[in-house]
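2 protein chains.
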Amino acid sequence: MENFIFQNPTKIIFGKDMERQVGAEAARYGKKVLLHYGGGSIKQSGLYDKVANSLKAAGVDYVELPGVKPNPRLSLVREGIRLCRDHGIALVLAVGGGSVIDSSKGIAMGALYEGDVWDFFTGKAEPQAALPVGTILTIPAAGSESSTGCVITNEEGWYKRPVNSELIYPRFSILNPELAFTLPKYQIACGASDILAHLMERYFTNTLHVELTDRLIEATMKTIIHNVSAIMENPSDYDAWSEVMWGGTVAHNNLLNTGRVGDWASHDIEHELSGIYDVAHGAGLSVVFPAWMKYLYRHDINRFAQFAARVWNVDYSVWSPEETALLGIKRLEDFYRSLGLPVTLAELGITDDRLDEMAGKCTNSDTTTVGNFVKLGKADVLSILKLARKQ
Amino acid sequence: MENFIFQNPTKIIFGKDMERQVGAEAARYGKKVLLHYGGGSIKQSGLYDKVANSLKAAGVDYVELPGVKPNPRLSLVREGIRLCRDHGIALVLAVGGGSVIDSSKGIAMGALYEGDVWDFFTGKAEPQAALPVGTILTIPAAGSESSTGCVITNEEGWYKRPVNSELIYPRFSILNPELAFTLPKYQIACGASDILAHLMERYFTNTLHVELTDRLIEATMKTIIHNVSAIMENPSDYDAWSEVMWGGTVAHNNLLNTGRVGDWASHDIEHELSGIYDVAHGAGLSVVFPAWMKYLYRHDINRFAQFAARVWNVDYSVWSPEETALLGIKRLEDFYRSLGLPVTLAELGITDDRLDEMAGKCTNSDTTTVGNFVKLGKADVLSILKLARKQ
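Just so you know, the sequences run in chain order A and B.
Going by our numbering, the first sequence runs without a break in its numbering and finishes at 391.
Going by our numbering, the second sequence runs without a break in its numbering and finishes at 391.
Treat the hints as calculated values from the structure; they're not laboratory data.
Don't take every hint at face value.
In silico EDC-like pairs for lysine to aspartate or glutamate, Cα to Cα no more than 16 Å straight-line [claimed, not checked]:
1. B:69 / B:278
2. B:31 / B:116
3. A:69 / A:86
4. B:390 / B:323
5. B:390 / B:366
6. A:43 / A:64
7. B:16 / A:2
8. B:222 / B:334
9. A:11 / A:239
10. A:222 / B:211
11. A:16 / A:347
12. A:16 / B:237
13. B:375 / B:300
14. B:16 / B:239
15. A:222 / B:86
16. B:185 / B:218
17. A:185 / A:237
18. A:16 / A:218
19. A:11 / B:334
20. B:69 / B:79
21. B:222 / A:237
22. B:222 / A:211
23. A:124 / A:79
24. B:11 / A:357
For the chain A half of the interface with chain B, some residues (derived, Cβ under 10 Å), not all of them [to be verified]:
25. 15
26. 206
27. 212
28. 213
29. 242
30. 261
31. 262
32. 264
33. 387
34. 389
Chain B stretches covered by chain A per the calculated footprint, using a threshold of three residues with CB under 8 Å from any CB of chain A [said to hold, decoys possible]:
35. 124 to 131
36. 139 to 150
37. 271 to 278
38. 289 to 301
39. 306 to 320
Note that beta-carbon positions come from the ideal geometry of N, C-alpha and C, so glycine has one too.
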């Protein structure tokens, strides 16, 4: 186990009707909020009215910024930053899924920075301060409701880039599983894929002696796998949604990577897919992860065999751990398929013509590597993308 | 799953040499610290000098209060409160195990309260403010380094009583597994018993649909069971201590009871044992828990069978879940024995003459109950104590 520092300050407010507490929570930070959301779904569902009423009842004024799209865009973040400055905003309130929350985090960092917010995503500058962010989560997936992460897409060149900073842990996040009942099944599946990916990125590590976090990650994976299948049968299953919603937060709140180094190559590779082709992040991950695994499982067959045995209930073969490992990868693919997710680039409609470009962008023209479990250069990424073309 | 609010602000600073950061951390809260510890062990080990040097280097002055004993006493807490007031203390720094930390928490609450601190333990008053507490943990056991709990013993009548308050989450806790290398084996065993008890108190619940937390608790239990056995073989096993030290914190930092109601009867019953007989808390728990289980496992055989199968690797018998459940209890007893812990009152030297008194004190003369999984009156507690007399 490696030395580590862990502190996650997000206040989790979990359960039925908890969105009614948003006004009281927001009022702790000031009297003026930027209410940031996506499209009309929170109006149709009645959530918008509940939030507005709760804010008003607590004496909190708000400025609205709707329009967040999946793979949230830099231009809207810049607009939010202007609004924060013009209106003296005290808190950015995200009502939505990971895209809305990430967009809010970008705004929160940019509002207190004199330069251009994209500087944080290119590494030109590091955030030194941020407005507080609060969230009401409607889509269990990204884990951004209690994470240090923020991923924004720059439309000029379609660069999708992450920033990590402890400054953007949300101060509070309201999680009511009922808010997820109306999600389309494909989006449910993509969310589960994203959660599982956050767990697998942490799981595949070279750090030795990490039994506790191994087992905690496995526990969370098993819970997600079990309960998302129940949700696909009945999208109004509160109990199953509770497990997935809370599991999605635990998967990404940094507890499960204490003392270990995660991989994150699959996320980096997927960012090129969804940056260029605007595919759903979870669908990109279900294509990239099996290919990534097939490309490098021999790097640590024991870890892949443990994954297969403990998470997927594969009978561990002492005679051939490799067989065990490969069966685990197959079960993962079967699981993705059972949710209606793609496992090949072909299913995403991605042909061969830009694979080389994506591999290049991912590795800055082969000058950097992605991943920690195995460090991958451009040729490795290209090989993984080629493995992902078809089964 | 029940609705819940969860926020644990403790900053965990984990790993080799991390005690050297104590000065910098303490300085965030002010320039005057109450340095609270037990006996001479931290002087012998050199830890005292490291802490003193780190504080001095950071420009932090300190007042010392040594003398904390196991089952920390009210009189010393009162002395600490006087010191805090006299010296304008900004932070109570606990260097030691759960007793030192609990004593520090008592001091921190009492220092900002006009009345007598024992009011918080009798329920006469609720804490409204507390000085910040920081810790350097030397004994993985109580979990107090990142918990809301504080247990103090009033020598006038030997009442051992708990308080829970979010105000006393330590602001920071420094966990260096190396600091535990010199613990005597009996104390290692008692610590493991305490950690396991925190997990079992949370595990045995009537709340339905708690798969994630069930699995996270099981993961932590398995890790503790595995690694404490390794430590008994080699008390300088850094890797095994890392798992147990971090596991001991995770066991009691309230993440694992999110959305579920724990039991805590065994802790309440044990408090009477250690209050009257001053036995080690972990040794009291290894006596009480199996008896508590035998008394009421029929209340929910499935939960006990799950415990047996998932934690203790008992083959689940679909023909007799009860047999599975009982085998789990037996494995727990065997585990305690393998660590050299008592499993009967006789082994603790406790005879029959005060069982009735303890059952009475525990239930306030049968006017209140203990436990949530099954609510136990005086007669129930007496039956459990009688079951604990011998095997």
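Could you check the structure against the hints above and give me the numbers of any it violates, in ascending order?
2, 3, 4, 5, 9, 11, 12, 15, 16, 18, 19, 21, 23, 24, 26, 30, 31, 32, 33, 34, 35, 36, 37, 38, 39
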